[in-house]
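Peer 1: Based on the hints, put chains B and C in the right spot on chain A.
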Amino acid sequence: MCLAIPGRVVETFLQNGMRMARVQFGGVTRDACLDYVPETTVGEYVLVHVGFAISRVDEKEAHRTYQALAELDQLTELEAPIVDEPSGGAA
Amino acid sequence: MSTKVDESEQQELAQPFGSCPLPIFDHPQIVLGHGSGGKLSAELIEKVFVSRFRNPTLEKMDDQAVLDVGGVRLAFTTDSFVVTPIFFPGGDIGALAVNGTVNDLAVGGAKPLYLAAAFILEEGLPAADLARVVDSMAIAAQNAGVQLVTGDTKVVNRGKGDKVFITTTGIGHMNRATELSADRARPGDKILLSGFIGDHGITILSQREGLEFEGAPESDCAALHGLVAAILDEAEAAGDLRSVRVMRDPTRGGVATVLNEIAQRSRAGMILRESEIPVRETVRGACELLGLDPLYVANEGKLVAVVAPQIADRVLSAMQQHTLGTDGRIIGEVVEQPSGMVLMRTFVGGTRVVDVLFGEQLPRIC
Amino acid sequence: MKYLDEYRDGDIAAKLVERIRRVQTKPWVIMEVCGGQTHSIVKNGIDHLLPKGVELVHGPGCPVCVTPLEMIDKAHAIARRPDVVFCSFGDMLRVPGSNGDLFSIKSQGGDVRVVYSPIDCLKIAKANPDRQIVFFAIGFETTAPANAMLAWQARATGMTNVSLLVSHVLVPPAIEAILSSPQNRVQGFLGPGHVCAVVGYREYEPLAGRFHVPIVVTGFEPLDILEGVLMVIEQLEQGRAEVENQYSRVLDRGGNRPAQDLIGKVFEVSDRKWRGVGNIPGSGFQLRDEFREFDAEHRFSVETIDTMEPPVCIAGQILQGIKKPHDCPAFGTECTPQHPLGATMVSAEGACAAYYAYGRHLTDADLVTIGANGK
Chain A
1 MCLAIPGRVV ETFLQNGMRM ARVQFGGVTR DACLDYVPET TVGEYVLVHV GFAISRVDEK
61 EAHRTYQALA ELDQLTELEA PIVDEPSGGA A
Chain B
1 MSTKVDESEQ QELAQPFGSC PLPIFDHPQI VLGHGSGGKL SAELIEKVFV SRFRNPTLEK
61 MDDQAVLDVG GVRLAFTTDS FVVTPIFFPG GDIGALAVNG TVNDLAVGGA KPLYLAAAFI
121 LEEGLPAADL ARVVDSMAIA AQNAGVQLVT GDTKVVNRGK GDKVFITTTG IGHMNRATEL
181 SADRARPGDK ILLSGFIGDH GITILSQREG LEFEGAPESD CAALHGLVAA ILDEAEAAGD
241 LRSVRVMRDP TRGGVATVLN EIAQRSRAGM ILRESEIPVR ETVRGACELL GLDPLYVANE
301 GKLVAVVAPQ IADRVLSAMQ QHTLGTDGRI IGEVVEQPSG MVLMRTFVGG TRVVDVLFGE
361 QLPRIC
Chain C
1 MKYLDEYRDG DIAAKLVERI RRVQTKPWVI MEVCGGQTHS IVKNGIDHLL PKGVELVHGP
61 GCPVCVTPLE MIDKAHAIAR RPDVVFCSFG DMLRVPGSNG DLFSIKSQGG DVRVVYSPID
121 CLKIAKANPD RQIVFFAIGF ETTAPANAML AWQARATGMT NVSLLVSHVL VPPAIEAILS
181 SPQNRVQGFL GPGHVCAVVG YREYEPLAGR FHVPIVVTGF EPLDILEGVL MVIEQLEQGR
241 AEVENQYSRV LDRGGNRPAQ DLIGKVFEVS DRKWRGVGNI PGSGFQLRDE FREFDAEHRF
301 SVETIDTMEP PVCIAGQILQ GIKKPHDCPA FGTECTPQHP LGATMVSAEG ACAAYYAYGR
361 HLTDADLVTI GANGK
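Chains as they are written, first to last, in the working numbering: chain A, 1 to 91; chain B, 1 to 366; chain C, 1 to 375.
Just chain A, with the same shape it has in the complex (with noise of 0.2 Å):
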């Protein structure tokens, strides 16, 4: 469940009482509602659910981790060569 992608805030602006902010996803632009990430600039990449950002993306916390992602197999190199699979699977 939960469908949500990332996209990034263009503009934020008022409407009806709520925060709202135009976000681009790959080209195409939809507007979501602000008001749960209220403190997001533009700029900023927000995590979009049926049109509310539910979160922000850590951009930091992003390349740190898929920096560890893209590293891998350095650490992989240093360990021990593949032993053979286990046999029998759990079913």
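In case anyone wonders, no lab produced these hints; they're calculated from the structure.
Below 27 Å or equal to it, Euclidean Cα-Cα: the simulated DSS-like pairs (lysine-lysine) are:
(1) C:K106 to B:K163
(2) C:K126 to B:K160
(3) C:K43 to C:K2
(4) C:K126 to C:K265
(5) B:K47 to B:K60
(6) C:K123 to B:K160
(7) C:K2 to A:K60
(8) C:K123 to B:K163
(9) C:K106 to C:K126
(10) B:K163 to C:K126
(11) B:K111 to B:K60
(12) C:K26 to C:K52
(13) C:K123 to C:K106
(14) C:K123 to C:K265
(15) B:K47 to C:K106
(16) B:K160 to C:K106
Peer 2: Below, chains B and C alone, put in the same frame as chain A:
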């Protein structure tokens, strides 16, 4: 993956499944899904129409009927256009009506020649809008080299139509020794796609109430006869027209629907490569947002061709040299197994099945 | 697309799989809770990438397919009313009730509209002052902030022609029910990333402790899923049972406070029946008294329809991860998306439907062979 079935489970499994109150296939009324090009549509066509008009030509179920009239091979096709809104970025219902029928003729190997057009107009439609639609048809017809030679107009009460519905019927001349049919794909054949998918469907969707978004691409509405000619010319130059097995324009239901039809009719399998399938960033963004799969989104100016492996690269080049095929790719190949199914190698190296749509593809939250 | 594309990198995926292979020494059964995670796994073919000893089972994280039949029937009864504009997420349109689905109601003249966001209903309500706009408010905790805002705004702007039909479900009680079952096979969980973005993951800590299961809050892209699996296996191999956060770029332990505040003002916890599973206490949301006038169940006296529950298929066991779609003799034969017999085939997000769409009516062995030959 076997677990011992205990007594209570055995009781459950023994329940008669037939007493289920849930079937939704047998609708007493027509529902929107019947028009979406997927399984519901196919069922409707088979059960209601084909069953009543049995003849060998109809049962081939290609996009056009090939008829022999006094020794001349003619292609004959018809299509209805009911799109809303009637004007959209990149085209309008008129251009669709002309190009759609031209394309059905062209991908079957015919030179499109003549069109008939029947209009159902809703009372209250602004005359200026109608003029605009028909102007567009005239331009499209001229570009495609076809003449509109007969037509009809009806007007229905306000509320009983949707501005304008257009039905076009086309006749073409089978002037080449092609053998194009959905049952001709063979293991080893390559699958070619002429360019970016999903443009038209996403453009239309972006105009729909409740789903509006900005930045949608334009519809790719276009006549494909020139691109088809370029492909056939190349095959002819290479020595064998029949090495082009089948061509289709993936309209409603998208590339996935067309490829599944070919796989089933040819009793072959297909393996696609996700990384080779061109999708514009804007279409991707819209699809991610709404939870749609571009493979099932309609196109109006693209074609899919299954060709013999020995000429695939040449045909691809010819395609890419044509304005409508510059982004063409080889997206996969035909295999023996699994028969009738289309698989895809995903970005991360896994494999998934590209199944046939059931009804309309709907935006989802899950 | 930033923060999406890079999480589909095939090379990194291969490295993660390799790492999992090195770390794993015993077979393990892991459940991903979220329907969206199931979708991602099956759509990307991730379960075939994993080593044989890692078994992924699919949990009940599909609010669509666990919506009880009574609620579907109520929705349909309301949608049939000529004074109603019935608004829903696309997912619900094909879910069959005792008598047809929203599509068939539309074909019979019902005003049924797909909306992308609950607040779109406010626009529709404003444009149709003499109609009743009813929104089918389903979902897990992820969707609660959006649904809450609709109720909040409707009340704040005095939009009295709006009401919500609420069928919210909560994840932790479902996990508890699964873990409490004597037939439970699940040893570790991929926690629901977007649910936790809203409510945080504090609630999962007592579960991890009490049942001694690792729970790794995980995202939805292929690399997220693979990293989540790796983290669960590392814990299992080390005998740990903690809650960890794989999806840290998007959430922290506390979740989204403003969202939780508004949810708390609009909704309260209630018991809920889950289709295919039964009643789970404290597993849903209902509107608070202050918002009762916006509750469609109150506004429309929808008589209790005698819903005929379908004969028990094994959806309940699939939702709990005890069985797989393949284990059901009806899977792919009598039970298909066209003729769904149970909850998990009804919705496109259910495990059986996801399996069917992405081709599990082939055996796993077939697909692996074909995949290998497909370069």
